[in-house]
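A.B. asks: Chain by chain, the residues:
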Amino acid sequence: MTITTPSATTPSAAQAAAVSPRAEAAAGAARPAVGEPALAGGQTSWPRRTAATAGPPVAVFAAFCGLWYLVSYVALTPRRRFLLPPLHEVIRVGFLDWGNFSDILRGLGNTTQVALSGFAIASAVGFTVAVLMAQTRWVERSIYPYAVALQTLPVLAMTPLVGLWFGFGLTSRILICSVLSLFPIITNTLFGLQSVEPSQRDLFALMKAGRLARLWRLELPAALPGILTGLRTSGGLAVIGAIVADFFFRQGQPGIGRLLDIYRNALETERLYAAIFCSSLLGLALFLLNTAVTKYVLRNWHASAQRKPS
Amino acid sequence: MTMQAHERSPGEPPATGQVTIPRQPTGWPAEPPVLSFHDVDMVFRGGVHAVDQVSLDVAPGELVSIVGPSGCGKSTLLRIASGLQAPTHGSVTAPDDHIAYVFQDPTLLPWRNVLDNVALCSQLRREPKSERLRKAQAAIDMVGLTGFEKRYPNQLSGGMRMRTSLARALTLDPRLFLFDEPFGAIDEITRERLNGELLRIFSGSRFAGLFVTHSIAEAVFLSSRVVVMSARPGRIIGEFAVPFPYPRTPRLRAEAEFAALTGQIGECLRGGAE
Ligand SMILES: Nc1ncnc2c1ncn2[C@@H]1O[C@H](COP(=O)(O)OP(=O)(O)O)[C@@H](O)[C@H]1O
Ligand SMILES: [Mg+2]
Numbered sequence: 001m002t003i004t005t006p007s008a009t010t011p012s013a014a015q016a017a018a019v020s021p022r023a024e025a026a027a028g029a030a031r032p033a034v035g036e037p038a039l040a041g042g043q044t045s046w047p048r049r050t051a052a053t054a055g056p057p058v059a060v061f062a063a064f065c066g067l068w069y070l071v072s073y074v075a076l077t078p079r080r081r082f083l084l085p086p087l088h089e090v091i092r093v094g095f096l097d098w099g100n101f102s103d104i105l106r107g108l109g110n111t112t113q114v115a116l117s118g119f120a121i122a123s124a125v126g127f128t129v130a131v132l133m134a135q136t137r138w139v140e141r142s143i144y145p146y147a148v149a150l151q152t153l154p155v156l157a158m159t160p161l162v163g164l165w166f167g168f169g170l171t172s173r174i175l176i177c178s179v180l181s182l183f184p185i186i187t188n189t190l191f192g193l194q195s196v197e198p199s200q201r202d203l204f205a206l207m208k209a210g211r212l213a214r215l216w217r218l219e220l221p222a223a224l225p226g227i228l229t230g231l232r233t234s235g236g237l238a239v240i241g242a243i244v245a246d247f248f249f250r251q252g253q254p255g256i257g258r259l260l261d262i263y264r265n266a267l268e269t270e271r272l273y274a275a276i277f278c279s280s281l282l283g284l285a286l287f288l289l290n291t292a293v294t295k296y297v298l299r300n301w302h303a304s305a306q307r308k309p310s
Numbered sequence: 001m002t003m004q005a006h007e008r009s010p011g012e013p014p015a016t017g018q019v020t021i022p023r024q025p026t027g028w029p030a031e032p033p034v035l036s037f038h039d040v041d042m043v044f045r046g047g048v049h050a051v052d053q054v055s056l057d058v059a060p061g062e063l064v065s066i067v068g069p070s071g072c073g074k075s076t077l078l079r080i081a082s083g084l085q086a087p088t089h090g091s092v093t094a095p096d097d098h099i100a101y102v103f104q105d106p107t108l109l110p111w112r113n114v115l116d117n118v119a120l121c122s123q124l125r126r127e128p129k130s131e132r133l134r135k136a137q138a139a140i141d142m143v144g145l146t147g148f149e150k151r152y153p154n155q156l157s158g159g160m161r162m163r164t165s166l167a168r169a170l171t172l173d174p175r176l177f178l179f180d181e182p183f184g185a186i187d188e189i190t191r192e193r194l195n196g197e198l199l200r201i202f203s204g205s206r207f208a209g210l211f212v213t214h215s216i217a218e219a220v221f222l223s224s225r226v227v228v229m230s231a232r233p234g235r236i237i238g239e240f241a242v243p244f245p246y247p248r249t250p251r252l253r254a255e256a257e258f259a260a261l262t263g264q265i266g267e268c269l270r271g272g273a274e
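Just so you know, the sequences run in chain order L and V.
The opening residue of the first sequence carries number 1 in our numbering; numbering runs sequentially from there.
The opening residue of the second sequence carries number 1 in our numbering; numbering runs sequentially from there.
These are calculated hints, taken from the structure and not from any lab test.
We put the CB at the ideal spot given by N, CA and C, even for glycine.
Worth double-checking, as some hints may not be accurate.
[What the hints assert, rightly or not] Output of the computed footprint for chain V on chain L, the stretches with three or more beta carbons under 8 Å from beta carbons of chain V: (1) 212-218; (2) 230-243.
[As the list claims (entries may be wrong)] Taking beta-carbon pairs under 7 Å as the criterion, some of the chain V residues facing chain L (in silico): (3) Leu84; (4) Tyr101; (5) Phe103; (6) Pro110; (7) Trp111; (8) Cys121; (9) Tyr152; (10) Asn154; (11) Thr190; (12) Leu194.
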């Protein structure tokens with residue numbers, strides 16, 4: 001904790017602070033100076049800039065690794081070390097052993113397939129529902145409560161039933177996955193569609209624009225930031241849904257969730273950790289992809305992706 | 001129907017204006033008004049009485065300003081004129097096409113660049129693309145935005161955004177031009193420059209204009225007639241003819257008669273705000 005407070009890194013200021021209130025002000029003034037190199041990074045050459053932006057995450061990663069070994073070797077007795085095998089063991093068994101790693105990769109591939117299918121279905125259904133809801137008040141009023149109910153419904157509690165209906169294979173996995181990731185698409189799209197400024201609506205009304213023109217040229221573009229936010233949130237949920245659905249629907253090609261289960265039962269924690277890493281990488285990849293798409297689509301006009309005027 | 005002079009304080013000296021106004025500035029041939037309010041009342045659901053018995057005509061080539069305390073129903077009056085809102089009582093005659101409406105905020109679509117924003121109205125009216133572009137470019141040139149066609153609204157200053165909004169309105173080839181405090185959020189210097197350019201555009205195309213503003217000086221500088229409204233329910237409590245001939249130069253603002261007229265209108269406004 002104390003390492004991170006800036007005053008502690010400048011001992012003289014810290015000592016002075018203990019002595020008099022005037023010196024305390026001086027210590028306060030010294031604080032911005034500590035952060036200065038990072039701030040000045042904007043004008044310096046790119047290696048320094050990269051160091052400034054990559055530095056903190058790298059430091060956190062190093063701390064993470066340190067903590068890992070600390071727990072593994074110091075906190076855990078050798079008998080219980082399987083709970084957190086040393087990092088290099090995880091890498092050796094999980095990633096460098098091609099037999100193991102290819103299992104994980106194949107599982108990851110299957111899970112990706114489920115996640116993307118669920119995500120696509122959720123996007124299409126959610127988008128359509130939201131657009132319909134935005135058209136007329138009564139559609140919104142009649143559907144919205146059920147959309148909310150769907151959200152609060154413990155979807156995983158429905159899995160036995162879903163299994164009975166649709167089998168314990170791919171279909172059910174995709175179904176659960178899409179239901180889990182549906183809600184953010186609906187709410188964010190609807191919110192976006194309804195975020196059109198009244199004066200812009202007036203403008204379109206004055207031009208006697210039809211409903212389709214209004215939807216296409218006004219409401220949908222205005223909703224884009226919301227839609228993209230929905231997609232980002234929902235992508236993460238789709239990955240979670242695809243992994244969790246694996247625990248319940250065990251037929252067909254095993255996904256990464258199924259592997260997690262197998263490794264747990266076999267107490268093969270090195271492979272278990274490797275599989276967990278890979279599944280979080282999947283979520284991360286989808287998130288980064290969505291972020292990049294968002295930045296690109298909104299590059300010209302939205303504050304979140306704005307570039308400076310040239 | 002004749003114009004009513006809504007005399008508030010009969011004891012006032014009969015200086016410039018506050019008398020019955022001829023419908024057109026002298027010199028124009030008599031033309032029927034483009035916009036005509038007759039006894040218009042607006043009571044909103046919930047009982048807000050926004051506009052009270054307003055009668056007002058605006059002829060082609062006339063630029064009429066409305067000043068009044070905020071919340072007195074000025075925007076409502078413009079909405080009624082444009083057909084966005086139907087009055088609860090009274091009648092309105094207005095063209096059903098070629099109405100340009102400049103809102104207080106520029107209402108640009110942030111995902112379109114200047115050219116596409118200006119072309120929006122033509123596009124919504126399904127005009128062919130070449131026609132659209134020609135009109136948009138002409139309007140952009142007219143408001144002095146040449147060279148900025150590819151800029152996006154977030155890359156423009158407030159004044160340039162308002163110019164874009166003006167250009168978009170101009171593509172409609174307006175017969176009736178409604179302005180709702182268009183320069184309210186713009187700094188003084190830019191505002192005066194835009195006033196000058198608006199007059200230049202106005203002198204070129206003789207639309208009928210209704211201009212709502214907070215600034216008495218702006219009202220006097222721009223218009224041929226200034227209408228003063230009272231606090232809610234908004235009634236017309238004064239009309240002032242502005243005798244200065246067009247074209248007007250910025251130097252007009254420094255003249256004594258200009259100051260006298262703005263002073264008079266200010267007094268009328270303060271009387272009605274109580
Ligand atoms: N759609 C509406 N429903 C109810 N009240 C409204 C509506 N539009 C405006 N008002 C009210 O009418 C009054 C006049 O509004 P407005 O015309 O916008 O005033 P302003 O002179 O400032 O432009 C205000 O008190 C406003 O709150
Ligand atoms: Mg207003």
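A.B. asks: So is the region 212-218 of chain L in contact with chain V by the C-beta rule, three or more residues under 8 Å, or is the coverage claim wrong?
C.D. replies: This one holds; 3 residues, not fewer than the three required, reach chain V with a Cβ under 8 Å.
A.B. asks: Given Tyr152 (chain V) as an interface hint, is its Cβ closer than 7 Å to any Cβ of chain L?
C.D. replies: At 5 Å from the nearest chain L Cβ, Tyr152 (chain V) passes the 7 Å test, so the hint holds.
A.B. asks: Does the nearest C-beta of chain L fall within a distance shorter than 7 Å of the C-beta of Leu84 (chain V)?
C.D. replies: holds (6 Å)
A.B. asks: When the nearest CB of chain L is found for Trp111 (chain V), is that gap smaller than 7 Å?
C.D. replies: Given a least distance of 5 Å, the restraint on Trp111 (chain V) holds.
A.B. asks: Regarding the hint that Leu194 (chain V) lies at the interface with chain L, is the smallest CB-CB distance below 7 Å?
C.D. replies: Result: violated, 19 Å to nearest chain L Cβ.
A.B. asks: Double-check Tyr101 (chain V) for me: the hint is only fine if its C-beta lies closer than 7 Å to a C-beta in chain L.
C.D. replies: Interface hint status for Tyr101 (chain V): holds (6 Å vs cutoff 7 Å).
A.B. asks: Next item in the hint list is Cys121 (chain V). Is there a CB on chain L closer than 7 Å to its CB?
C.D. replies: With Cβ-Cβ at 6 Å, under 7 Å, it holds.
A.B. asks: Mind checking, does the region 230-243 of chain L have 3 or more residues with a CB under 8 Å from chain V?
C.D. replies: violated (count 0)
A.B. asks: Restraint: Phe103 (chain V) near chain L, CB-CB cut 7 Å. Satisfied or not?
C.D. replies: Holds. Min distance 5 Å.
A.B. asks: Next item in the hint list is Thr190 (chain V). Is there a CB on chain L closer than 7 Å to its CB?
C.D. replies: violated (17 Å)
A.B. asks: Close enough to count: is the Cβ of Asn154 (chain V) nearer than 7 Å to one in chain L?
C.D. replies: holds (6 Å)
A.B. asks: Hint Pro110 (chain V) vs chain L: min CB-CB distance below 7 Å?
C.D. replies: Holds - the Cβ of Pro110 (chain V) comes within 7 Å of chain L, reaching about 4 Å at its closest.
In this structure, the earlier hints numbered 2, 11 and 12 are contradicted, and the remaining ones agree with it.
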